[in-house]
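Model the placement of chain B on the given structure of chain A, informed by the hints.
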Amino acid sequence: MNNIFEIKRSCLLTTLELHKRANAGHIGASLSSLDILVYLFFHRMNKEEDKLILSKGHAATALYSTLAKLSKIPEEMLDTFYKDGTVLAAHPPCNGVIKDIPFGTGSLGHGLSLAAGIAFSQRYTGKNFQTYCIVSDGDCNEGSTWEAALFAAQHKLRNLTVIVDYNRLQGFGFSEEILNLDSIKDKFLAFGFDVAIADNGNDLNNLDSAFNLLSDTNKPRCIIAHTTKGAGVSFMENKLEWHYLPMNDDQYEMAIKEITNA
Amino acid sequence: MRKEFSKTIERIAQERQNLVFLTGDLGFMALENVRDAMGKRFVNIGVSEQNMISMAAAMAHEGLQVICYSIAPFTVFRPAEQIRLDVCLHKKNVKIVGNGGGYGYGIMGATHHAIEDIAVLSSFQNMHCYIPLCNEDVEQTVNTMLAHDYPSYLRLGYGILPNGWHLPPFAYIRQVAYGKDITIAGMGPVLCNVAETLSGKESADIFVFSEIPFPELTEDLKSSIARTKKLLVIEEHVQRGGLGEHLALHLALNNISCRFTHRFAKGYENGLYGSQKYHQQQCGLDAESLKTLIQTLVNG
Numbered sequence: 011m012n013n014i015f016e017i018k019r020s021c022l023l024t025t026l027e028l029h030k031r032a033n034a035g036h037i038g039a040s041l042s043s044l045d046i047l048v049y050l051f052f053h054r055m056n057k058e059e060d061k062l063i064l065s066k067g068h069a070a071t072a073l074y075s076t077l078a079k080l081s082k083i084p085e086e087m088l089d090t091f092y093k094d095g096t097v098l099a100a101h102p103p104c105n106g107v108i109k110d111i112p113f114g115t116g117s118l119g120h121g122l123s124l125a126a127g128i129a130f131s132q133r134y135t136g137k138n139f140q141t142y143c144i145v146s147d148g149d150c151n152e153g154s155t156w157e158a159a160l161f162a163a164q165h166k167l168r169n170l171t172v173i174v175d176y177n178r179l180q181g182f183g184f185s186e187e188i189l190n191l192d193s194i195k196d197k198f199l200a201f202g203f204d205v206a207i208a209d210n211g212n213d214l215n216n217l218d219s220a221f222n223l224l225s226d227t228n229k230p231r232c233i234i235a236h237t238t239k240g241a242g243v244s245f246m247e248n249k250l251e252w253h254y255l256p257m258n259d260d261q262y263e264m265a266i267k268e269i270t271n272a
Numbered sequence: 005m006r007k008e009f010s011k012t013i014e015r016i017a018q019e020r021q022n023l024v025f026l027t028g029d030l031g032f033m034a035l036e037n038v039r040d041a042m043g044k045r046f047v048n049i050g051v052s053e054q055n056m057i058s059m060a061a062a063m064a065h066e067g068l069q070v071i072c073y074s075i076a077p078f079t080v081f082r083p084a085e086q087i088r089l090d091v092c093l094h095k096k097n098v099k100i101v102g103n104g105g106g107y108g109y110g111i112m113g114a115t116h117h118a119i120e121d122i123a124v125l126s127s128f129q130n131m132h133c134y135i136p137l138c139n140e141d142v143e144q145t146v147n148t149m150l151a152h153d154y155p156s157y158l159r160l161g162y163g164i165l166p167n168g169w170h171l172p173p174f175a176y177i178r179q180v181a182y183g184k185d186i187t188i189a190g191m192g193p194v195l196c197n198v199a200e201t202l203s204g205k206e207s208a209d210i211f212v213f214s215e216i217p218f219p220e221l222t223e224d225l226k227s228s229i230a231r232t233k234k235l236l237v238i239e240e241h242v243q244r245g246g247l248g249e250h251l252a253l254h255l256a257l258n259n260i261s262c263r264f265t266h267r268f269a270k271g272y273e274n275g276l277y278g279s280q281k282y283h284q285q286q287c288g289l290d291a292e293s294l295k296t297l298i299q300t301l302v303n304g
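Heads up: the protein sequence lines correspond to chains A and B, in order. Under the working numbering, think of the first position of the first sequence as 11, with each following residue one higher. Under the working numbering, think of the first position of the second sequence as 5, with each following residue one higher.
Heads up, some of the hints might be wrong.
[Unchecked claim] In silico DSS-like pairs for lysine-lysine, Cα to Cα no more than 30 Å straight-line:
| # | chain 1 | residue 1 | chain 2 | residue 2 |
| --- | --- | --- | --- | --- |
| 1 | B | Lys-295 | B | Lys-226 |
| 2 | B | Lys-7 | B | Lys-226 |
| 3 | B | Lys-95 | A | Lys-79 |
| 4 | B | Lys-95 | A | Lys-137 |
| 5 | B | Lys-95 | A | Lys-57 |
Keep in mind that the hints were calculated from the coordinates and are not lab data.
Next comes chain A alone, as it looks inside the complex:
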């Protein structure tokens, strides 16, 4: 964990740069997920074997910047983000060009099934690796997520870990006003998961502590990561508009200043 904080900061700057250059939205979602992605790829995952499905595909820039930091996405490809003819659209690609993005996502509710399928395959292939899946509040609105949860518990997919990026701010309002997920921990427990809470899912140490709380059982695992949409840029935090809006020059400068001075 020694240099992971600097890595996170670098990925955060790259993420914001991608959004600014492209004049692209979805910044809040990416900043919400970035700590989870950095923690998984730089600390938790075996980089050559373990697999990750980003079910909340609208956080693509966080995934792109993290994979670029790992040299899994070439810099020259990163430069094409959001441009005509790019592999890197606003949501992860479906074309299999990037090995570490097994499936393109963007429509919510697919990720946990995909991750469960990858984890379940090991029963037949004899491979041995961990599968991680990051889901959003919106993902937890989708019935298919819960179909996958039932399956994962039924078949004791202990090689599957779902991380709920629980920022409680969805596409057009707060989750408590739309479909209340306050009992999200109880829901996953009831579905048969081993569950741990990260009180601050935008804190790498806190995430690590939560992962260490998970027991070595035959159950699939779940981390409820209490995150903040727009985390790390104070004027974006917990604001619905940063699900959609791009930054103007002043906002970008303020964001960079805040991060570099932090």
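Only chain B this time, still in chain A's reference frame:
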């Protein structure tokens, strides 16, 4: 066709160890032999078609060939987005098998019918839809489907190969009967209904379409249409997006003109339900209606 399908899978599963069979909680008195033969490679995934399709795509990503089985409407329409995105766009080796295509589930009602399945699935990128003509055609159709690694859909129904018809090896267009008065093209077992209508003086070139979309028209079909100038298309599928529209497109692309007549599934115009035969009668797809139509076309 379920029986022929399950026997074929039972045999292939012995040879192909990477084949995994997922069912959406269906298969009573149909798939027990497959379950017993495949052991842990046969998984009842529950009534969760969306999860079944996405999981199948992911399992295919890991090198497995995955069959997803359910009643046709349940395995097509509920998980349509999962098929479109996770299977088709990612070009995964997933074989979706729908039992009871068309009005196959008859009196079970509209929820159990699949009369728009080919329209939906044939519009998805990389998807190949396979429609066996009859029970005798299932094994070679399944063999063909499993020999390829692209996304596929198998529409099962029920039909017996009519006497006098010749069933060639699988091809996307096959001629099964020969005649002189009219060209008839069809998809699936409903085509067999024309057999008994042709026992009189009329005779027809009959072509079965077994894969949609298809790349091009065969020379035999083009020659037949050029000779008879009359083409009757028969399908237990709605007018939009089925064989009729696919065929009309190819006729237009090839500058082929003919008298084009289309008999298709009309849905539930009177709002009533019945057996498969009842619905075929309502749509003019039963043998008696087709006989009248063919006589009119031939003599008209």
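To see whether the hints hold, each was checked on the structure:
1. Only pairs whose Cα atoms come within 30 Å are accepted, and B:Lys-295 paired with B:Lys-226 is accepted, the gap being roughly 24 Å.
2. Of the supplied pair hints, the one linking B:Lys-7 and B:Lys-226 is violated, its CA atoms being roughly 35 Å apart against a limit of 30 Å.
3. Distance restraint check for B:Lys-95 and A:Lys-79: the Cα-Cα separation of roughly 29 Å lies within the 30 Å cut-off, and the hinted pair is therefore satisfied.
4. About 22 Å separates the Cα atoms of B:Lys-95 and A:Lys-137, which keeps this hinted pair within 30 Å; it holds.
5. A threshold of 30 Å between alpha carbons decides the hint, and for B:Lys-95 with A:Lys-57 the separation of about 25 Å falls inside it, so the pair holds.
Of the numbered hints stated above, the single one contradicted by the structure is hint 2.
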